[in-house]
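Please model the complete structure; the sequences and the hints are all you need to start from.
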Amino acid sequence: MDDNLRKAMHALTNPHSVAVIGASDDQNKVGFGVLKSLIEGCFFKSYNCSAFAGNVYPINPHKSEILGRKCLARVQDVPEDLDLAVIAVPSIVVAQVMRDCAEKKVKAVIIISAGFAELGEKGKQMQDEIIEIAKSAGIRVMGPNVLGILRPRISLNASFALSMPEAGSIAFISQSGALADSVVDWAIDARYSFSLLVSLGNSADLDVSDFLEFCLEDDQTKAITLYLEGIKDGKKFLRIAREVTKKKPIILLKGGRSSKGEKAIASHTGSLAGSFAVYEAAMKQAGVFMAESVEDLFDLAKALSEQPRVNGKNIAIITNGGGVGVLTADYCDMHGLNVVELDPQTISKLDASKKMHPAYSRNNPLDLVGDALPERYEIAINALLSEKYIDGAIIIQTLQTMTKAKEDAEVVVNAHKLFPNKPVVCVFMGGRYSAEGISVLRQNNIPDYNDPLKAVKVMKVLCGVI
Amino acid sequence: MHIATPEESEDLMQKYGIPYAKTIRAKSYPDLLKASWALRKPLVMKIISKDAIHKTEKGLVRLNIHDQKELREQFEELTLLAAGIQIDEYLLQEQREGVEFIVGGKEDLSFGKVVVFGLGGIFVELLKERSLRVLPISADDIAQMISESKASAFIRGYRGKKVSLEKLVELIYKTSELLQNEDLLELDFNPVIASGEEIAVADARMVLK
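Those protein sequences? They're chains P and B, same order as listed. Throughout, the numbering used here is defined as the position within the first sequence, counted from one, plus 181. Throughout, the numbering used here is defined as the position within the second sequence, counted from one, plus 33.
Everything labelled a hint here was simulated from the structure, so no lab data went into it. Among the hints, a few may not be true.
With a cut-off of at most 20 Å between alpha-carbon atoms, the simulated EDC-like pairs for lysine to aspartate or glutamate come out as follows [stated by the list, open to error]: (1) Lys435/P - Asp141/B; (2) Lys416/P - Glu140/B; (3) Lys465/P - Glu162/B; (4) Lys416/P - Asp174/B; (5) Lys465/P - Asp173/B; (6) Lys413/P - Glu140/B; (7) Lys146/B - Glu461/P; (8) Lys242/B - Glu199/B; (9) Lys183/B - Glu461/P; (10) Lys417/P - Glu140/B; (11) Lys428/P - Asp183/P; (12) Lys413/P - Asp141/B; (13) Lys417/P - Glu162/B; (14) Lys200/B - Asp216/B; (15) Lys74/B - Glu140/B; (16) Lys183/B - Asp514/P; (17) Lys427/P - Glu122/B; (18) Lys416/P - Glu162/B; (19) Lys226/P - Asp388/P; (20) Lys494/P - Glu568/P.
All figures in this text were calculated on a predicted structure; none of them were measured in a lab.
Here it is as structure tokens:
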């Protein structure tokens with residue numbers, strides 16, 4: 182990341198002072214939502230809302246006060262150096278506002294306003310003009326046509342998103358603002374937590390690759406999620422993504438897979454290498470994981486930010502139910518994970534414990550039999566995870582009358598502490614009567630899914646199988 | 034944008050050291066006969082006509098021509114069969130036996146040049162069995178790419194057919210160099226015919242910028 186970009190990203194993600202140009206007292210206007218979100222941290226209150234600590238300045242020449250803050254007529258009237266200006270005025274006046282920002286020497290600008298290149302040639306011309314003004318003043322621009330930026334850890338909500346998700350270690354960079362907005366709402370109850378949320382809009386200046394570079398250096402971010410439809414500069418993306426994925430995982434959900442509107446010229450290759458196929462290949466080369474759905478995207482990211490990654494694909498399946506074990510083994514096979522044959526020495530260890538059921542499977546999947554109590558799980562999990570040839574474990578619990586969900590979960594948590602470098606993913610299948618166990622797993626950052634397919638997909642990514 | 038002439042295609046393949054089945058073209062039987070003396074038998078004869086794109090379906094491809102007598106017979110049969118179609122030229126090519134692959138490339142709008150490898154021949158579009166990579170790529174990448182395709186069964190050997198991985202990697206690598214250095218929009222080597230240590234492009238189609 183060059184210095185200029187680093188400075189702009191710092192102003193965007195950790196501003197000391199922010200102006201909202203086009204602040205409004207009309208509750209139905211974006212200029213109101215953005216101002217309120219900045220001042221209070223959220224438009225709608227959630228458990229994670231608190232006020233932003235920086236200085237917030239509403240700019241509106243026609244109002245004297247909004248939300249208890251004195252309005253300034255122009256951005257030049259801000260009485261200190263300005264890190265960030267958020268522009269929410271009609272598109273036709275953005276150019277003038279950008280000139281004001283240039284005069285004020287604002288460090289970074291977010292243009293929320295829509296009505297530019299997305300509308301056609303005339304809008305594109307306006308957009309080019311604005312970027313030209315910003316460039317000659319050395320201002321980096323996010324947008325136009327964006328939702329804004331959220332940085333939960335410091336309660337920075339320079340957006341019109343409806344609330345604030347919990348602070349965490351997943352960055353979400355989205356080409357769709359509306360998708361990001363809905364993810365925010367969903368995350369609040371689903372407890373997905375974020376280091377950063379940005380929408381890219383038209384990416385007239387700062388683009389996805391710039392934000393990837395930032396995430397690589399950002400201490401808060403452990404995993405990066407992307408929703409993209411198209412990438413303008415694919416070569417730049419590949420170059421940067423290659424560097425990023427050496428250190429932090431990137432997971433991509435791609436919109437627009439169908440090949441409608443694609444023109445193949447006159448060859449077999451044309452039909453074999455449609456744009457989605459090329460996308461998949463490019464991502465594979467750059468080490469980027471592809472998600473299949475929105476839920477998949479965040480499940481994978483969450484697991485990647487919580488569990489260790491390994492370079493190997495020998496998986497142990499430990500279960501108290503044969504059927505779910507078989508399903509899990511099937512899915513492992515489908516997804517390129519190896520349900521590794523257990524070594525006779527491992528079996529001897531298990532036998533020597535004298536705690537295994539006489540009919541236990543003595544192979545992988547390791548079926549502990551339905552009446553397995555926490556002790557049996559503990560012996561099995563520890564015995565298997567201590568083996569060098571086993572890279573990670575999927576632990577399944579089905580519910581029987583004697584099953585102790587909470588204690589089983591605690592066994593898993595302890596085992597993970599003993600073997601912190603091996604990924605562990607759980608399938609505590611059930612609902613009401615497994616809830617206590619599931620909650621223990623969640624609190625201790627052990628991924629848990631009701632569906633073994635989800636667990637396998639997550640394990641696949643933890644094992645680096647692309 | 035134009036489709037490369039056979040001469041342009043051959044020049045490019047030669048420039049990059051890509052092996053291809055030796056081919057000659059002629060408009061008359063005497064010229065064909067003369068040209069055939071320089072080729073290794075058996076031969077394939079095809080009719081080149083802008084009216085006939087899928088030559089196999091129309092029976093406009095003849096195999097296993099070993100001598101002058103067979104050349105004459107096939108020439109006459111083909112000419113008869115092609116009545117009503119404008120015959121631009123007759124094509125004679127050294128016949129290759131083996132497994133048919135496709136090696137291709139194109140320029141993608143966002144990621145640039147890509148190379149494609151898969152099972153070739155007439156079922157290419159039906160099976161869509163292929164793997165691809167964005168360029169540039171290393172020889173190791175190519176080996177990996179081949180291993181991802183079902184076509185890799187022939188590297189290990191399948192139904193008595195086996196091809197050399199090294200030769201295949203070499204051909205794809207040279208194709209990737211051609212793609213990167215030349216102003217090409219699309220390229221099809223289909224089929225590339227391989228058997229043991231032998232490999233050659235039997236049909237090349239290139240779209241130049």
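Now for the hints, and whether the structure bears them out:
With a C-alpha separation of about 17 Å, the suggested pairing of Lys435/P with Asp141/B holds against the 20 Å cut-off. For the hint linking Lys416/P to Glu140/B, the alpha-carbon distance of about 12 Å falls within 20 Å, and the restraint holds. As the CA atoms of Lys465/P and Glu162/B are separated by approximately 17 Å, the hinted pair is consistent with the 20 Å bound. For the suggested pair Lys416/P and Asp174/B, the alpha carbons sit about 18 Å apart, so the restraint of at most 20 Å is met.
For the suggested pair Lys465/P and Asp173/B, the alpha carbons sit about 15 Å apart, so the restraint of at most 20 Å is met. Restraint check for Lys413/P and Glu140/B: the C-alpha separation of about 14 Å stays at or below 20 Å, so the hint holds. Distance check on the hinted pair: Lys146/B and Glu461/P sit about 14 Å apart at the alpha-carbon level, within 20 Å; holds. Under the criterion of a C-alpha separation no larger than 20 Å, the hint pairing Lys242/B with Glu199/B is inconsistent with the structure, at around 31 Å.
Between Lys183/B and Glu461/P the CA atoms are separated by roughly 18 Å; this keeps the pair inside 20 Å, and the hint holds. As the CA atoms of Lys417/P and Glu140/B are separated by approximately 16 Å, the hinted pair is consistent with the 20 Å bound. Distance hint between Lys428/P and Asp183/P is fulfilled; the C-alpha atoms sit about 19 Å from each other, no more than 20 Å. For the proposed pair Lys413/P and Asp141/B, the alpha carbon gap of about 11 Å is at most 20 Å, so the pair holds.
At roughly 29 Å between alpha-carbon atoms, Lys417/P and Glu162/B are farther apart than 20 Å, so this suggested pair is violated. Restraint check for Lys200/B and Asp216/B: the C-alpha separation of about 25 Å exceeds 20 Å, so the hint is violated. A distance of roughly 37 Å separates the Cα atoms of Lys74/B and Glu140/B; the hinted pair therefore is violated under the 20 Å criterion. Simply put, Lys183/B and Asp514/P have alpha-carbon atoms about 17 Å apart, close enough for the 20 Å limit, and the pair holds.
For the suggested pair Lys427/P and Glu122/B, the alpha carbons sit about 55 Å apart, so the restraint of at most 20 Å is broken. Distance hint between Lys416/P and Glu162/B is unfulfilled; the C-alpha atoms sit about 26 Å from each other, more than 20 Å. Our distance criterion of 20 Å between C-alpha atoms is broken by Lys226/P and Asp388/P, whose separation comes to about 31 Å. Using a Cα cut-off of 20 Å, the hinted pair Lys494/P and Glu568/P holds, with the two alpha carbons roughly 14 Å apart.
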